[in-house]
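Undergrad: Next come the chains, spelled out residue by residue.
Protein chains: 4
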Amino acid sequence: MSRELYFGVIGAGFMGKAHALALHSVAAVFGLETRPVVDMIATSSDDSAARAAKRLGFARHTGDWRELVRDPAIDVVTVCAPLPHREMVLEAIAHGKHVLCEKPLATNTGEAAAMQVAAEQAGVVCMVGFNYPKTPASQFARQLIDEGALGEIVSFRCAHVEDFLADPDLPMDWRMRRAEAGEAGALGDLGSHCIGMAHWLLGPIREVMAETRIVHAHRPAPDSGERVAVENDDQAELLVRFKSDVSGSLYVSRVGTGHKMGLSYEVTGTEGTIVFDQERLSEIQFYSRRDDARTQGFRRIPMGPSHPDYGDFCPAPGHGTGYNDTVTVEVRDLIAAITGEQPKLWPTFADAVYVHRVVDAALASVRDGRWTVVG
Amino acid sequence: MSRELYFGVIGAGFMGKAHALALHSVAAVFGLETRPVVDMIATSSDDSAARAAKRLGFARHTGDWRELVRDPAIDVVTVCAPLPHREMVLEAIAHGKHVLCEKPLATNTGEAAAMQVAAEQAGVVCMVGFNYPKTPASQFARQLIDEGALGEIVSFRCAHVEDFLADPDLPMDWRMRRAEAGEAGALGDLGSHCIGMAHWLLGPIREVMAETRIVHAHRPAPDSGERVAVENDDQAELLVRFKSDVSGSLYVSRVGTGHKMGLSYEVTGTEGTIVFDQERLSEIQFYSRRDDARTQGFRRIPMGPSHPDYGDFCPAPGHGTGYNDTVTVEVRDLIAAITGEQPKLWPTFADAVYVHRVVDAALASVRDGRWTVVG
Amino acid sequence: MSRELYFGVIGAGFMGKAHALALHSVAAVFGLETRPVVDMIATSSDDSAARAAKRLGFARHTGDWRELVRDPAIDVVTVCAPLPHREMVLEAIAHGKHVLCEKPLATNTGEAAAMQVAAEQAGVVCMVGFNYPKTPASQFARQLIDEGALGEIVSFRCAHVEDFLADPDLPMDWRMRRAEAGEAGALGDLGSHCIGMAHWLLGPIREVMAETRIVHAHRPAPDSGERVAVENDDQAELLVRFKSDVSGSLYVSRVGTGHKMGLSYEVTGTEGTIVFDQERLSEIQFYSRRDDARTQGFRRIPMGPSHPDYGDFCPAPGHGTGYNDTVTVEVRDLIAAITGEQPKLWPTFADAVYVHRVVDAALASVRDGRWTVVG
Amino acid sequence: MSRELYFGVIGAGFMGKAHALALHSVAAVFGLETRPVVDMIATSSDDSAARAAKRLGFARHTGDWRELVRDPAIDVVTVCAPLPHREMVLEAIAHGKHVLCEKPLATNTGEAAAMQVAAEQAGVVCMVGFNYPKTPASQFARQLIDEGALGEIVSFRCAHVEDFLADPDLPMDWRMRRAEAGEAGALGDLGSHCIGMAHWLLGPIREVMAETRIVHAHRPAPDSGERVAVENDDQAELLVRFKSDVSGSLYVSRVGTGHKMGLSYEVTGTEGTIVFDQERLSEIQFYSRRDDARTQGFRRIPMGPSHPDYGDFCPAPGHGTGYNDTVTVEVRDLIAAITGEQPKLWPTFADAVYVHRVVDAALASVRDGRWTVVG
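Residue numbers (my numbering), protein chains in the order written: chain A, 1 to 375; chain B, 376 to 750; chain C, 751 to 1125; chain D, 1126 to 1500.
For the record, the hints were derived by calculation from the structure and aren't laboratory data.
One or more of the hints may lead you astray.
Stretches of chain B that chain A covers, calculated by requiring three or more beta carbons in the stretch to come under 8 Å of a beta carbon on chain A [unchecked claim]:
no. : stretch
1   : 430–436
2   : 511–523
3   : 543–557
4   : 577–587
5   : 625–637
6   : 651–657
In this text, a Cβ means the ideal position worked out from N, Cα and C, and glycines have one as well.
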C-alpha cells in the first residue's frame, strides 16, 4: 500500500540542497511505495526561504524553523542548518517528527545524548547524516567483510583528508571556534566520518590514543584582518583498538594539501584486503590470497548491478554514481526505517552519540598522553 | 519570469528512468526559472505504463505513445523506446513538440535526415541523447582545448569498449540484427558515442578508414537455442581525419572483456595532453609542457566547483558526480535551448545526422578498403 | 662446463653503455656457465674510445671499429653505433662473429635482408636489439596468452608514444632525414618496437593500413637556425590484420606530449584481457571473465619470483626491475643462443627483416591509401 | 687519479647477490675514477663459497668470514649474512676495513652502538644498508622538500607493508624469535625502513607512541609441525613527533595481505604534497598549491635525467630503474665516502643506532602505553 511522507528541511546550503535533490528522486530511483513529499523549507528569513523554496522545489517555506517543526502536516524533519542542532532536533521530536540531522549531531556529547534519549522516548526514527558508507562500494566492502572474503580482519586504516583550510590566509570561521564547533576541529568534523565508516565496516572502537595539531595557529579575523587564535585542531591521528580486537588508525586533516574528498580506507584481513578512496567512489580494490599465485593482485572493481543499490541508479555497470546519490540511499534508508521495512537503521542518534564519545576519548587521550577507553 | 514545461516520456527502461530522474531534479540542481513538469509516460501497455508512472513519479500515463505525442498539454517529448524512433519523433514534431530522442536517432541516415528536416521545418528544438560529453570533465576538456592550453591539437584517440556481449553464449538479440539495429553493430551503438565525443571536442570528421569484425559469428537464438548468424560488427577500428586536419582513431567493441563503461580519449596537442576515462568520470588527466621540467607530469584533476556545472551538483570539490547527473545536464541544455537561453544547443538532430554519416562512411570504407569522405 | 665469450662493443652512447652494464652483470644475475668478457670497445676516435673503455670497464679499445670486428679474440660483436649498421654487421659476420645489433637494423629492408642472408650463410647467431619484450611482465603476458588464459585473442592495440620531439624548436637531426634514418620516422623508430612487441605476443602481421603525419614540418637547422623541412613522419597510426586473423592497431608518436616511455598494449581475448604500460614495467593488469561476477576487475599484478626471469634479479616480489635489466635478459638470450641452450632465439635478423617489411607495407599503404600485404 | 678498492662480501643470499651486482656495475654506471674490485666472497662453507664465487663473479672465496675480514688485500667488507653481524663488523673494523653492513645492523641497540663506537674510533667508513632512499624518486622528494616546494612540512605518513608472512601456516623461523631477530618483529625489520626513510626526508624523530600486534600467535615448527609461539610483532603502528615538530605516523606489517613491496609515504606541506610508493619506484606524485586553481592535481612524474642519479642509468626519461639499481647508488655513496668525495654519507652506523633507538622507544611505549622520548 502506497503512502506519502511530508518532509520539512531546515537549511538551504550544501546539505539542504542535497537533501532536496534526494527527496525529489528517491522514490523513482528505488520504486518506493512510500513517497516523500518535498513540502516545506525553513531558512533564517522569509525572503531567503521563499527563494530557496522556489529554487529547490518546496511547496511551502518559512523564515522560522519553529513553524516548520510544529507544522502538523510534516512527518519528517531534516536538519541541515549550521550547529547548534539541539533545539531544532528536540523541538521536532517533541512534535512527534522523525528526524534526519546532519553531522555533527551536536557540539558536545551531552547534547547528543540528550537528543538520543528524547528520540528513544518519543519512539520516532532519528538518523544522523553520515552518508559516505551509503555508496555501493562501501556497502559492498561491508558485504565482503561479513561474508569472510577477507578472512579474519587484522588491520583497519582510514583517513579523511581535505585541504579546504590549507591556505593559511583563509579567515577565521565558526569551524575553528570551540564555542560553535566544539573542542575538536578536524577531529570532530572529518574524524566523525572516519569513526562512522569504521563503525559501519567493523563495529565499535574500544579505546583510542590520539595526537592533534593546530597547523595554522592564527588566522585573519574576517572583519579586522587581525590574526586571531585558531581554537581547535587542523589535523589529528588516532591509534584505535576495536571491541573486536582489530587494531587500526584514523588520520584526519583539513589542511592536507592536494586532497579534496580524501576519505579512504584499507581493511586488511588474513585472506584479503580492500582499498577504497572516496575520490573514486564508484570502484573498490580487492585482493584475495585465494587467487592463483601468479595472478594475485589488487582488482579494481567498478561498481555495477551486482553490487548493493547500484542497479537502482543504473542497470549498466561502470557508469558511476555520484555524491548526491549517496544522500539518496541515505533517505531511502530513513524512509524504510520509518515504514518499518528496515528494522536496523544505521546510523541512528545512538550511533552519533557513540561517534561523539570516540571523539571525547580522543581528546582526553591527547590531554593525558595515553590510551583512553571510549565512554 | 518562471514557467513550466510539461514533459512526456516514451519508454520506461534504462533511459526512460534516467530521463525521469533528471526531470525530477534538474530545476533544483540548476535553480531553473523554467521548471519541467513530470507529466506523462507512455509504454507498450496501459498496465505497464500505470506501473511505470507510479514508480517513476509521472502524473499521467498511457499504453499508446500516439496519445502522448498528441496531448495538447505536453510541451516536450523524450523518446526512450527501442528503435525505430522515426514515427514517434515525426509525430511529436508534427504536433509541435520539442523532442529529446535517445541515440541512435535512427536505423539509417535517411531516416535521421528526415527527422532533422522535419524538426527544422517545424522550428522545434530537437536534441539527441549523447550525454557523455555533458560531464564536468569533458566540458572542462573542451574548455582547455578552446583556450589553447594544449596548443595545436595533433592527435585524438578515442575508444568505447564494453563487454556486455563478451560471453559467446549470450543469445541473439535485436542489436545484432540489421533490420532492427542497422548495418552497423558496435560501430553504430558505441561508435556513435566516440563520433559524438570527437565532434564535441574537436569538430567534424572529414574522412574515415575503417575495419570491422564480427567476433562471435553465431549466437543461440533465444527460443530454439540454435546458433544463428550475427549480422553486424562486434568491434570496429577507424582511422579518421578531421576537417581541422587533426589525425585520429576510434575504437569500439561490445566484446571488449574487462571494460564496463570504457569510453576513453586522449587529446594530444603541441603544448599539452588530456586523458579521460568515463569509468572515472569525475576526474581528468592533464599534462602541460609549460610546467617546470623536473615537475612535468600528468595531473589527476578531480572535478570541483571551478569546473563546468560541477558546483551546481555539489559545492565541495572531489565529491563526484555520477552517470545520472550527466543526463540532468543534458536536460538542462534542452530546456535552455527551448527557452532561448542557450542558442547553440549540442547535439541537435543535425549533429545526429552527421554521426550517422560518419558511420555510413565507415561502412563504405570497410566495403571498399579505402579512405572514404563523410557525406 | 664453463667457458668465456669475448665481447666487443661498437659505440659508447645510450645503448653502448647499456650493453656494457648488461655484460658486467649478466653472468652473476643468471648464474651463467658461459661468462661474457667485457673485452673491447670501439668508438669514432682513439681518444674517446680510451675514455669509454676506462669509464665502462673494457679491457681494450680502438678508434676503428674494423679493428674490433677483425680481432681474433672477439667472439661476439654488439653494434650500438648510429645508422648505418650494414658495413659493421657484414664485416663482423664475415669474420665469424656472432652479432647483436641495435635497432633499427638497417635504413631499409634490402640492407636488412642482406644482413640476414649473410648471417644465415655464416651460421652465426645474429640478434636485433628489441629488448622491451624481455621484461618479466611482457614475458608473462606471452605466457598467459599461450596458456589460453585470455581465450581466443580478438583484438590487439599497441602504442609507442614519446615526446622527445614535441618541442617544435628542437633542431633538425639525423632521425628526421631520409638519407640517414630512412623513409619512416616515428613509424620506423618507435613503430618497430610496436611491431616487434606484436610479433612477440601474437605472431606476424599479414596486412596493414596506415596513416602518417609530419606534425612539425620544419625545424631549425642546427648550424644556421634556418627552418628546414622534416623528411619523415612524426606520428603514425596503423590498422593491422595478423596472420592469425586477429585485428589490431598500432600508434606511434615522437611528439606525443606527456609520454616518456609510452609503450603500452592491450590484448583482448574472449576470456580475459591484459593491459601493460612500459612506464610501469614491473606490473601487468589482467582481467579474467572466469572470476566471480561480483569481484571481476583488472588485477594489478606486480612482478615477482613466480614470473619469468624476475627471481634472478630479486627473490622478493614487487621490488621491481628496471630498463637496464631488460638488456641483461636480452644478452642472456643471446648467450644462450650461442651456446645452443636456447634454440629458438627471438628476435633474430629474420625477425628484424620482418619488422622492416611491415614498415614498408605501411609506407606503401600510406602512398596508396589502401590495405597492403606485408611482403 | 684512478684507483681500485678491493671488496669482500660476506653472504651470498638475497643481499649478497645484490651487492655483487652493484659492485660489477657501479663504476660503469657512474663513470667512477675509483673502481671496486669484486674480490672475495665468504659463505658458511668452502664448497658453497666456491660455488657462489663462480656464480657471482668473485675472484676468491672462503668458507670462513674471518679469513676475509683479515685479508690484507681487502679494503671494504660488506656484511650480508643473517644476524648477528656484530662479530663480523667489529673484526672487520679492527682490521681497518671500511664496512657496509646490511640492516638490521644489530639485534639490539647496545650491539649497534658498540659498532658505531668502534667505527668512529677506527676512522673507517661504516654504512648501513637502508637503500630505499637511494631511488631517484626519493632523492627527488628530498630535493623538493629542501627547496621549499612543499612549504612548511606539517605531516608525514609512512608505511611498509609486505605479506610474506600472511599465510598463517608458514613455519616459524628466526625472524619470529627474539633471541635471533630481537624483541621487535615487523617493527624492527620493516619499521627500520620507515624510520630510515623518515630520517632521510625529514630528520630525526623525537618521541613515539606505538602499538604492536602479533597477528598469527602460533606457527608450525619447521621440524615437528607443532604450533609454537611467535615471539615478536607481526604489525605495528607508531605515532611520531619529529624534532622539527612535524607530526606523523608509521605503519608496518609483515602480514599485510596484498602488498609485496609496500613501502609508501606521503609528505604534506603547507604548499604541496608528495606521494610515493616503492612498488612504482620510478615515479613520484607531486601536488602544488601554487598551480592554477582549475588545473591543480597530483602530477605523476616519471623519473628522468633531470632527477637525481637517473641519467647515469639511462639518458631517456621514463625507462625506469629497478631495485638493484638502488643498491648500485648505495655502493656509489659508500665509495664516494671512502674517497672523501662525499663528506656527508647517509646512512652511517650512527644513523643505524638512531634507528635502533627509535625502535627501542617504540617498544618502551608499547609497554608503558604512553609517549616515549627517543633515547
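Undergrad: Against each hint, give a clear statement of whether it holds in the structure.
TA: Hint check results:
Against chain A, the stretch 430–436 of chain B contributes 3 residues with a C-beta closer than 8 Å to a partner C-beta. That satisfies the three-residue criterion, and the hint holds. For the stretch 511–523 of chain B, the stated coverage by chain A is violated: 0 residues have a C-beta nearer than 8 Å to a C-beta of that chain, whereas at least 3 were required. Remark: the stretch 543–557 of chain B is not confirmed as covered by chain A, as 0 of its residues place a Cβ nearer than 8 Å to a Cβ of that chain, below the required three. Only residues whose beta carbon comes within less than 8 Å of a beta carbon in chain A count, and the stretch 577–587 of chain B has 0; fewer than three means the coverage is violated.
Residues of the stretch 625–637 of chain B lying with their CB closer than 8 Å to a CB of chain A number 4, which satisfies the three-residue condition for coverage. Counting residues of the stretch 651–657 of chain B whose CB lies closer than 8 Å to any CB of chain A gives 5, so the stated coverage by that chain holds, three being the minimum.
Comparing the model with each earlier hint shows violations of hints 2, 3, 4; every other hint is respected.
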